[in-house]
Amino acid sequence: MSLILCATRGGEASYRTQQAAIALAKEHGDEIVFLYIIDLSFLNKTAAPIVVNIENELDQMGRFFLLMAKERASEQGVEVRTITRNGIVQEEIINAVIEEGATLVVLGRPAGEQSAFQTSSLQAFADEIKRVTEAETILV
Amino acid sequence: MDGIAVLISAGIFILVFLAISFHLLHETAATLLGAVAVLLVTYIGGHYNPDLRLLTFDDAMMVVDWNVIFLIMGMMIFMSILDETNVFKWLAFRLYSVAKGNAWIIALSLILLTGITSAFLNDVTAILMLVPLSIQMASAIGLNPMVIVIPEVLASNIGGAATLIGDPPSTIVGSHIGISFSDYLVNMAPVAIICMIALLVVHWFQYRKDYGDATRKVSKTLTDQLASDAKIGDYVSLRKALVVALFTFVGFFVADIFDQMPVGVVALSGAAFLTVWVKPDMHRMIREVNWTTLLFFIGLFIVVGGMEATGAIEWLASQVILLAGDSLHRAAVLITWVAGIASGIVANIPFTIAALPVADYLTANIPGGTESRIIYWALILGADFGGNATYLGSAPNIVAVGLLAQAGFRLSFSRFVRDGVPVTVLTLIIATIYLLIRY
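Same order as they appear, the protein sequences are chains S and Y. According to this note's numbering, the residues represented by the first sequence are 1 to 140, in order. According to this note's numbering, the residues represented by the second sequence are 141 to 579, in order.
Please note that the accuracy of each hint is not assured.
Listed below are the simulated DSSO-like cross-link pairs for lysine-lysine, each with C-alpha atoms no more than 30 Å apart in a straight line [to be verified]:
id, chain 1, residue 1, chain 2, residue 2
1, Y, Lys360, S, Lys70
2, Y, Lys419, S, Lys70
3, Y, Lys349, Y, Lys240
4, Y, Lys357, S, Lys26
Treat the hints as calculated values from the structure; they're not laboratory data. Computed from a predicted model, the values in this text were never measured in an experiment.
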């Protein structure tokens, strides 16, 4: 049994990616890990006072989205694990692939306003994952 | 006024302004670099050519508005203790529960809560506290989170205009003219309330179909998760924080009686009492005071101070007075709209600090200006409401864009403009009518 790592956030575009990972897991009997990454680098754009524990807020938001993904998988008879990580998205996906021992990564293609990646950089990132971890990447 | 000094001081300001507005450098790095440039030109350039003495170190310390710095510092300590109690999320979840899944009532509650929180804490803090939860609630009920988050951002900028401590332009201008908390509230809260109502009406017409379509039933597991994240963290600290908050807000209202005590002193006193009473980890507390924010303001005051000392701003103000003539109302309308349009394109904090000496000049030189203070009100309303036009305008907008991206929603410039510009134009029209009728 192999392990599929699916990097996800919220929104309709993420549901499509999650659904692809769930379908693959059902087909091959693989295990799925849904991953949410907290990236606070956007706060570097402003000098506004950041006194709120924003890492905690985003961790809660991430866990909520993962719970939604878990419910969606469970409705289709697939049990999944979920993890959250903190850092730069690309770096943390690669770190998670290595630590979890994933053999397949599922990523969402840019869909209008709702993607963390640009189309041009996504294939290059998939190649980088393959080079560093030997895991294959499917772009949904 | 010497030509070369004017050019250099204005050049430094423009470079800092562009670096901040287009995110070429971190805002604090840009203003610190600008402040250092002003001082180095003064001391090294001035050594060879006395005309290059822009602003001495002693003068630089004088141009920093320490009331603004201490007010922001005090409120930061206050907010970080209040944030740990989780009270605002608790309140948001209560409102969500009462709405029983009605998307419009949930949105209405969150937008109003954001506006009110912005008025009494700070606009960015309100966004950071409430937007992640709003995104979760919207996702749970099947509503695109942008439908709630964009009006929350607009509400934070409008609500922040209601009090002296809400939006940075309000704090900067209010502190500069030495107005009391209650005087500010009496003058600005009515127009902020009218504009908040206008925002809700416009928003309803824009998104009523989305609210009608959002009928997804939220599972018990998801509801339990929301409830668990919105629990009050520490009841003892909450009670203490609320008691001190009450006294601090009373202090804001009565400070004027005591030899016009600056609001910065009141905020710092509240924060000091709270740290003594709640006994937080002081090392952590000091770490949580956002020094980048304070250094940003100090640097910006020095850069603008350099421009003021060389006479560059006086020249600019004299050009504005040529356009306005002797009419106070014409000058107020001009300032409202110039500040409004400029704040949509570039960051509203540096704009406000640079425009303040212009407002001083107009107030002093147009008959009736000193008594009515209309030029200052125009600057506040223009800068606060204008910041809603694009996501470049003010800090809450930038933070909300980042939070939405974390949830997987890329809020494009054009999408923000589509919602922001109509509300900005409408609120600026309301502000103009209010100023002309009231003053």
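Check: Does the structure keep Lys360 (chain Y) and Lys70 (chain S) at a Cα separation of 30 Å or less?
Finding: The hint holds at about 14 Å.
Note to self: Can you confirm whether the C-alpha distance between Lys357 (chain Y) and Lys26 (chain S) stays at or below 30 Å?
What the structure shows: holds (26 Å)
Margin query: Hinted pair, alpha-carbon criterion (30 Å max): Lys419 (chain Y), Lys70 (chain S). Please report holds or violated.
Written below: It is violated: about 40 Å lies between the C-alpha atoms, which goes past 30 Å.
Next item on the list: Please work out if Lys349 (chain Y) and Lys240 (chain Y) have their alpha carbons no farther apart than 30 Å.
Entry: Distance of about 19 Å is within 30 Å: holds.
The earlier numbered hint that this structure contradicts is number 2, and it is the only one.
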